[in-house]
Amino acid sequence: MRLSLVLFVFVLAACKGEKDPRLLEKEDDIKKFYEFQLKQTIPENEIIIILQNQQCVACRRDIFSNLYKLLAKSHLQKTFIMAVRDTVLINLITKLPNSKIEFDTGHRLESYGLDYGADLCLLMKNGRVKKWFEISNVNLEEMHAIE
Amino acid sequence: MKLDLLVLGLVLLAFSCHINENSNEIKRNYPFKSKFEDTLKLPVKPNFARFSYFNTDSGEWLSYLKGKNIYVLDLDNKEVVDSIEVSLDSVTARKYGAIRSFCFSGRDSLFVLFDEAILFWINKKIHKVVPINELDSAQYPTFRFQDLEDVPIYYDRTTQSVVGEVYCSVCWQTAPDFYSQKIIGSVSIQSGKLKLYNISYPRKYLKSYYGFDMKPYAETDDSITLVSFPCDDSVSVLNRNSNSTARFYARSLYQNDDAQPLRPLSDSGSVEQKMRHMTVQPYYSEIRFDGTRQLYYRFFRKAIPLKNKNGSYNSFFHKGLVLMVFNFQHQVIGEYELPRYYNSYVSFVGKSGLYIYDVSPSPENKNVSIFHILTFK
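Sequences listed follow chains A and B, in order.
Under numbering that gives the first Met the number 0, the first sequence has 64 at position 65, and the numbering climbs by one with no breaks.
Under numbering that gives the first Met the number 0, the second sequence has 257 at position 258, and the numbering climbs by one with no breaks.
Certain hints may be false.
[What the hints assert, rightly or not] Within a straight-line C-alpha distance of at most 25 Å, the following computed PhoX-like cross-link-like pairs (lysine-lysine) qualify:
| # | chain 1 | residue 1 | chain 2 | residue 2 |
| --- | --- | --- | --- | --- |
| 1 | A | K38 | B | K308 |
| 2 | B | K203 | B | K181 |
| 3 | B | K181 | A | K31 |
| 4 | B | K44 | B | K376 |
| 5 | A | K18 | B | K306 |
| 6 | B | K203 | B | K127 |
| 7 | B | K127 | A | K130 |
| 8 | B | K308 | A | K30 |
| 9 | B | K306 | A | K129 |
| 10 | B | K308 | A | K31 |
| 11 | A | K18 | A | K124 |
| 12 | A | K25 | B | K308 |
| 13 | B | K77 | B | K123 |
| 14 | A | K38 | B | K306 |
| 15 | A | K30 | A | K130 |
| 16 | B | K40 | B | K376 |
| 17 | A | K25 | B | K44 |
| 18 | A | K30 | B | K306 |
| 19 | B | K67 | B | K94 |
| 20 | B | K94 | B | K192 |
[Said to hold, decoys possible] Some chain A residues judged to face chain B by a derived CB distance under 7 Å, without partners named:
| # | residue |
| --- | --- |
| 21 | E109 |
| 22 | Y115 |
| 23 | A117 |
| 24 | E133 |
Note that these hints are calculated values from the structure, not bench results.
Ideal placement from N, C-alpha and C gives every residue a C-beta, glycine not left out.
Next up, chain B with everything else stripped away, as it sits in the complex (with noise of 0.2 Å):
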């Protein structure tokens, strides 16, 4: 009897080894050659939770909104060279709601997203004001044109229009409804007129309900949009041109279970438990797109436990962020593991490569930004 289990632990250990150096090996199998890093010293510390890269043949610029100004910073100069005054008097302002994101088209044209309203700037002065939302209830009579944190608005040149997140406005997150919705619309500069994009939620959404682990990540850029979600495998591509989306599979080797739904459903009320419910769940964030280098880059953060073997609490900051590297043809070419004190959500794509914002309480960072900067050859 001893001897049999002796042999069925030998059995084991040799194929949890083997399937160790099957893993590995996946990993030593990327056609990478290496990951270069360099960092970027900015002498302003601002908040980025609103942020815009964008890039002339004159430069690359990263401008944030701080108080009533958007500030637009010179990344080769590393110094502030403009500002523009995006306040509204008092009634106006009550009118249009608070700025939910921004977009440059050029250093000259600047388009801001607010609750009601995409106002159009030229050389500093409002050139249009597209209303939006409430203020055409007609146009959109069940949902919102709004960036809810993680889908940023773009100016589409060959359309003139804005693109950007659109949800349900009388659906309950709780709901299938609420999932079924177009996700992405663009909104007319010259017309106001919205179109919606045949892109809604993955089917598992719609299934059961994931907390806050719903809401869309994406980037756009020419006529694409890339879509991301927390908790599902694969990304969405939509092309605006021939309004229609494809996937790709994109999970990450750090992901070793599914993520799990919300249970029991009552807890869609609790903050607390939807929070924790985020922390413990594998979670895809960010998406990025690297024109240039012809890459994606995808943020993912492990699963983990609620509580430490110590007793101390986890909370969302201590998931382990892993950087997934994509080529064109959708194939993973590199996973990377980041320190935790690299801001994904202040992340973007440069000419030198993906900008990443640290947020490390080093007393040497108090009144400078550092972006580290990651390139793959």
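Chain A with its partners taken away, still in its complex shape (with noise of 0.2 Å):
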């Protein structure tokens, strides 16, 4: 009796502890990246966007300009990681303060799983991924800040 005890309080912790099963693959996914693509250790407290889907980039000037106003708001540092040199874009995020860019141009993100058509917001915190979302207007639309 003592041990089912014992047994059922192990299982109640460990589902507690539990994590997002796809929260989990995706930090996995990130931090594979960042240390064999970008030969970096991922950042500890950190915004990563990744800009893929850049085939029509008037087409998302709306997603990008919410996007935009609310990494504005953050004093965290920002790292976009995009596949296509994109001038406009550039020239945008160049303006937002603390923001880096990376370039995937040999389209590496697709084998860690971090390109599946949609651009990704991901919030790291302590060296983990605290929340990930894709970046779309419905998504933007229900958020007032990243973090």
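Make one complex out of these two single chains by using the hints.
Below is the structure:
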């Protein structure tokens, strides 16, 4: 009986500590991308924005504009990972405080599960992915801040 | 006990060998003599996002949209021989929207489908404008006439109408309503009247949601429109004269499992989850019609795992491509694995056979377009 109780407590504790598997997967993917492609350690506290879907920058101008407003509110460092050297986006990003750009011109994001058509935003806290979301007008409309 | 396990193992091994032998036998039994392959090199490199093949008594033509023009390429002489400016002034362009599809009927007649109108050019001059969709809301109250990508328009000379895709514009794609609507229609060039045909999605799409694996692929020729759906084993054949649809079984031998719906349904809002689902599920894409040889061609993309053993991810592009060939009695008479650089989206049937565009990133192909021509005899 005692053993069962101990086991039950263990199971309960394990369940409580378990993170969203998709969040863990995304954390693993972005860490590997930083380690093997960018040859950098993953930033401790930062916002990472992956802009891969750059076939139609004009179509996504509104989305980017909304994202830009949210990012401007944050004091965290921002890293943009872009597949294409788009001068319009680059000019905008360079005006954003605490921001830098990494390029993925070899389209290696795909191999790390970070390029399935949607732009992504990942919030890093203490070296872990605290949250992530696909960048879309629907998602951004509900947000008042990234953090 | 050990002996029992050994016997059981041997039985299972023999059974699995037996299955393999059978499946090979099925492949060997195809009544095909041979598949021949040739290549065509063209001195241009457009992206072929919008293209159309047509032939006339004087030759074969491949046309493509690039910038403000539709260019016409002579396939026999391998040179661009004509261009038609299809740009509109800014006010009209705002009114009619973007170009979604186009087709020729002879060298002089060009039909272009915009978001809100069909424009008919004769000898490079606009001859007729047929308002559609929001510009004719009485005829289009809950649906739109538009090529969402893989149902290019076709001009039917007999009925003098443009045939194309129709979809419900007020339905959620996650709800059965979207899939119970008609999907093929035609617009009369003379009267602008829309006709809807008796063809809609297969039943499985009404029962479950398949994410991005729902867009129809179609090809129209004369009075027949062939429609293939990504998750459907069968092909639908619409006879527009009788306004009736028949279906024939067209499952690939390379499909091991049935296509699964996207689950949970809450993933319907995620582009990433829908793209991942599209990557891992078996997927039927383009369908082509070869009237000269009396063959149908159907492209199939195999199911693959999301991740490889080394941890790298796969994408839709990594799916193995298979070409299925059917005779007019709807029997499969061959299945061929094709290199993944063969782009089935840019494929068409010409006088020499089935043309498939090669997208391999070879430096030699930087300024030229390579097509593989497959012929079955």
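Evaluated hints:
1. Using a Cα cut-off of 25 Å, the hinted pair A:K38 and B:K308 holds, with the two alpha carbons roughly 22 Å apart.
2. Note on B:K203 and B:K181: the hinted pairing holds, with a Cα-Cα distance of about 15 Å set against a maximum of 25 Å.
3. For the proposed pair B:K181 and A:K31, the alpha carbon gap of about 47 Å is over 25 Å, so the pair is violated.
4. Taken as a hint, the B:K44 and B:K376 pair is broken in the structure, with Cα atoms around 31 Å apart against an allowance of 25 Å.
5. Taking the CA atoms of A:K18 and B:K306, the gap is about 21 Å. The hint holds against a cut of 25 Å.
6. Distance check on the hinted pair: B:K203 and B:K127 sit about 40 Å apart at the alpha-carbon level, beyond 25 Å; violated.
7. Restraint check for B:K127 and A:K130: the C-alpha separation of about 54 Å exceeds 25 Å, so the hint is violated.
8. Pair hint B:K308 plus A:K30 holds up; C-alpha atoms about 18 Å apart against a cutoff of 25 Å.
9. Of the supplied pair hints, the one linking B:K306 and A:K129 holds, its CA atoms being roughly 24 Å apart against a limit of 25 Å.
10. For the suggested pair B:K308 and A:K31, the alpha carbons sit about 15 Å apart, so the restraint of at most 25 Å is met.
11. Restraint check: the Cα-Cα separation between A:K18 and A:K124 comes to about 14 Å, which is no more than 25 Å; the hinted pair holds.
12. Between A:K25 and B:K308 the alpha-carbon distance is near 18 Å, which keeps this suggested pair within the 25 Å criterion.
13. Simply put, B:K77 and B:K123 have alpha-carbon atoms about 22 Å apart, close enough for the 25 Å limit, and the pair holds.
14. At roughly 22 Å between alpha-carbon atoms, A:K38 and B:K306 fall within 25 Å of each other, so this suggested pair holds.
15. Among the hinted pairs, A:K30 with A:K130 is consistent with the structure: their alpha-carbon atoms are about 14 Å apart, no more than 25 Å.
16. As the CA atoms of B:K40 and B:K376 are separated by approximately 23 Å, the hinted pair is consistent with the 25 Å bound.
17. A C-alpha spacing of about 38 Å is found between A:K25 and B:K44, which places the hinted pair above 25 Å, so the restraint is violated.
18. Only pairs whose Cα atoms come within 25 Å are accepted, and A:K30 paired with B:K306 is accepted, the gap being roughly 16 Å.
19. Only pairs whose Cα atoms come within 25 Å are accepted, and B:K67 paired with B:K94 is accepted, the gap being roughly 17 Å.
20. For the proposed pair B:K94 and B:K192, the alpha carbon gap of about 20 Å is at most 25 Å, so the pair holds.
21. For A:E109, the shortest C-beta to C-beta distance to chain B is roughly 6 Å, which falls under 7 Å, so the interface hint holds.
22. About 4 Å separates the beta-carbon of A:Y115 from the nearest beta-carbon of chain B, less than 7 Å, and the hint is met.
23. Here the hint on A:A117 is kept, as its CB sits about 4 Å from the closest CB of chain B, short of 7 Å.
24. The criterion of a C-beta within 7 Å of any C-beta in chain B is met by A:E133, whose closest approach is roughly 6 Å, and the hint holds.
When held up to the earlier numbered hints, the structure conflicts with 3, 4, 6, 7 and 17 and fits the remainder.
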